[in-house]
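**Student:** Required output: the full structure, derived from the provided sequences and hints.
First to last, the sequence lines map onto chains Z and C.
This note's numbering applies: residue 539 is where the first sequence begins, and numbers increase by one.
This note's numbering applies: residue 7 is where the second sequence begins, and numbers increase by one.
Certain hints may be false.
Under the rule of at most 27 Å between Cα atoms (straight-line distance), these lysine-lysine pairs were calculated in the DSS-like manner [stated by the list, open to error]: (1) C:K89 / Z:K836; (2) Z:K787 / Z:K836; (3) Z:K734 / Z:K708; (4) C:K241 / Z:K836; (5) Z:K849 / C:K89; (6) Z:K657 / C:K175; (7) Z:K716 / Z:K657; (8) Z:K849 / Z:K734; (9) Z:K849 / C:K13; (10) C:K175 / C:K56; (11) C:K241 / C:K229; (12) Z:K836 / Z:K734; (13) Z:K716 / Z:K734; (14) Z:K734 / C:K229; (15) Z:K836 / C:K13.
Taking CB as the label site, the calculated pair distances span [as the list claims (entries may be wrong)]: (16) Z:C697 / C:M178: 28 to 36 Å; (17) C:Y228 / Z:A601: 52 to 60 Å; (18) C:F63 / Z:F764: 23 to 31 Å.
Bear in mind the hints are in silico, worked out from the structure with no lab data behind them.
For glycine and all other residues, C-beta sits at the position ideal for the given N, C-alpha and C.
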Amino acid sequence: MMDFLNIFLSDSFWAASLRIATPLIFGVLGALLCERSGVLNLGIEGIFVVGAMTGWMAVWMGAGLWGGIIVAALSGAIFGLFHGILTIIFGLSQHVSGLGITLFGTSAASFAYRTALPKVSSPPRIEPFRALDIPVLSDLPFIGPVLFQQTAMTWLALCLVVVVWWVMEKTALGVAIKAVGDNPDAVNAQGLSVIKLRMGSVVAGSALMALGGAFLTMSAFDAFFFGMVNGRGWICIALVIFASWQPSKALLGALLFGMFDALQVRLQTQAGAIIPGQIFLMAPYVLSIIALIIVARKADYPRALLTPWFKGQR
Amino acid sequence: MIQISPKEKQSGWLSAGIPVFSALVALLLAAIPLAFAGAPIIAAYGEMIKGVFGSLFNFTEMLTRATPLIFTGLAAAIAFRAKLWNIGAEGQLYLGAMAAVWVGTGMFDGPPILMIPLVITAGAIAGGLGMLGPALLKTRFGADEVVTSLLLNFIILIFLQMMLEGPLKDPMGLGWPQSEPIVDNAILPQLITRMRLHAGFILALGTAVVAYVILAMTVWGYKIRAVGENAAAAKHAGIAVNKTYLAVAMASGALAGIAGVSEVAGLKGYLTADLSPGFGYTGIVVAMLAGLSPLGVIAASLFVASVFVGADSMSRAIGVSSFIADLIVSMSLLCVLLGGFFARFNLRWVGKSEDVP
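**Tutor:** Put into structure tokens, the structure is as follows:
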């Protein structure tokens with residue numbers, strides 16, 4: 539029991555929670571943006587892989603860390619554009635197109651990686667983002683290690699929460715995006731372009747998803763492995779429902795998730811002798827399902843989610 | 007601008023032709039990554055064809071690879087027909103394989119005529135329950151089955167590792183996480199001597215025909231199609247929609263479970279955590295290429311299996327990464343999706359006009 543308390547009192551636990559939450563923050567924000575405009579993007583898992591691979595590859599080829607971030611975001615945007623063309627312009631099944639994008643993104647990234655690096659036994663490494671070292675702030679007790687010794691990408695994620703919240707809640711653009719996900723006909727009647735609003739949201743959302751993947755190879759680790767995304771994209775799809783499509787709740791959801799994941803790792807080391815370690819490994823996925831069950835009935839889905847819209851056709 | 011309008015009637019010829027055309031386009035598009043990898047393109051295609059049709063052994067290898075895909079393709083096709091999004095076939099496949107290993111490695115023994123149906127039934131039940139869970143969460147709580155069935159894949163895979171290191175572990179396995187071998191009487195017989203092709207293939211063909219008959223000719227099949235086309239209307243017409251979802255979930259999961267049984271009792275003989283290289287996910291592509299038709303699933307499985315077996319042998323001969331197969335398969339899914347659009351809609355150029363009503 540004392541051990542349990544000690545976990546919550548240690549700064550390393552809270553630092554780890556925020557670190558684990560970071561890729562999910564990117565992913566949930568991206569999924570939120572897509573879904574708010576009325577488009578489910580199940581391509582997220584593949585776009586994570588694409589972002590992880592391209593970001594890492596760009597740095598490995600000498601683009602620099604921020605260059606890698608830009609490359610990852612652009613690759614995500616391209617796959618988002620692809621999903622947008624299939625689902626928004628052609629009005630095809632968002633489920634099937636998304637799964638197709640995931641399969642295509644995963645295999646394209648894996649193929650490109652294997653082609654560029656045919657025979658390496660251990661994956662080549664890059665110099666990843668380092669923990670920030672801010673004078674005074676980083677040395678504060680507790681707060682310092684938890685908040686001010688994270689990498690720049692974690693800060694980027696936190697800033698993006700504010701940006702997405704501001705756009706969605708405080709700007710005309712946000713009002714239009716939310717409206718296009720609820721009632722595209724009304725938006726069209728106002729003279730706005732449904733297609734452009736949805737396309738923009740899906741492309742921008744997919745770029746955010748790719749940053750989630752890039753965090754894995756450029757901040758959490760320093761190399762690309764096959765299967766390293768391991769369902770994180772799908773977890774974001776569950777989290778966005780849990781967050782009722784609100785940026786602030788998305789942050790909360792990702793942080794809660796990060797906490798539980800950090801907790802299971804620590805419990806695993808303490809109770810590993812009694813309970814098989816796999817029980818703890820299952821926890822993140824089980825938690826996502828439980829979160830989904832809790833909110834499912836009262837979830838306030840964007841009303842036009844999954845519904846294609848064609849001009850001049852009611 | 008371009009105006010999009012639904013076609014008044016869909017041509018049957020077109021809906022059959024589009025999957026074939028899409029598959030060919032995906033194969034042709036593979037030239038781009040091949041060129042990117044610096045491979046001799048014509049020779050690469052030649053190696054692929056040789057890898058499938060070059061010898062009887064190669065051809066039966068392709069049929070062996072198609073066997074689990076027919077089952078997982080049927081699993082996806084039947085579920086998608088009812089618009090029940092079962093994306094958990096990968097997990098259900100492993101549940102089926104675990105059940106087969108659980109009852110088939112010494113718990114029971116008897117003549118093959120009893121043992122083979124026993125392992126298949128066990129696998130079908132386990133797989134069916136694996137999808138019944140997400141379906142119940144959907145009907146009871148309204149939880150989206152796409153996400154729950156997907157996440158279950160990861161849970162089941164971890165559970166599998168736990169079982170293979172625990173209760174199902176072979177004490178004679180030299181420490182490897184693998185199950186004991188399936189007893190001889192529960193092994194699906196080989197069809198041709200010295201070839202790996204096994205009776206699971208015949209079972210798969212038979213299952214596809216049965217699925218076709220059920221979907222096209224029975225009341226139950228009618229209910230599945232009605233729920234898939236318009237759940238609200240089906241409910242209005244007196245169909246028990248939730249009950250249909252649960253029944254479809256059981257059937258779909260059972261089919262994926264049998265894929266696992268067939269692999270473990272027909273091909274490998276024992277269970278490891280790498281039994282399936284994503285057969286569950288590939289089943290979704292197979293079902294879409296098949297236009298969700300059970301008989302089409304057979305053809306689509308043969309195509310996808312050819313891509314995998316052909317690309318494997320091309321990869322060995324030329325040195326291109328075998329991920330090229332996954333690339334072709336995923337591109338064929340996107341192509342057939344796009345092709346379906348042109349089968350259903352007319353495109354008409356109406357000039358520059360923003361005031362189309």
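**Student:** Would you mind marking each hint as holding or not holding in the structure?
**Tutor:** Hints, verified against the model:
1. C:K89 / Z:K836: Holds: K89 of chain C and K836 of chain Z sit about 22 Å apart, inside 27 Å.
2. Z:K787 / Z:K836: holds, 15 Å
3. Z:K734 / Z:K708: holds, 20 Å
4. C:K241 / Z:K836: Holds, at about 22 Å.
5. Z:K849 / C:K89: With Cα atoms ~26 Å apart, K849 of chain Z and K89 of chain C stay inside 27 Å; holds.
6. Z:K657 / C:K175: violated, 33 Å
7. Z:K716 / Z:K657: violated, 48 Å
8. Z:K849 / Z:K734: holds, 12 Å
9. Z:K849 / C:K13: OK: K849 of chain Z and K13 of chain C at ~16 Å, within 27 Å.
10. C:K175 / C:K56: The hint is violated at about 39 Å.
11. C:K241 / C:K229: holds, 10 Å
12. Z:K836 / Z:K734: violated, 30 Å
13. Z:K716 / Z:K734: Status holds; Cα separation ~13 Å.
14. Z:K734 / C:K229: violated, 39 Å
15. Z:K836 / C:K13: Outside the cut-off at roughly 38 Å; violated.
16. Z:C697 / C:M178: 28 to 36 Å: violated, 57 Å
17. C:Y228 / Z:A601: 52 to 60 Å: Since the Cβ atoms of Y228 of chain C and A601 of chain Z sit about 58 Å apart, the hinted range of 52 to 60 Å holds.
18. C:F63 / Z:F764: 23 to 31 Å: holds, 29 Å
The structure shown violates the earlier hints numbered 6, 7, 10, 12, 14, 15, 16.
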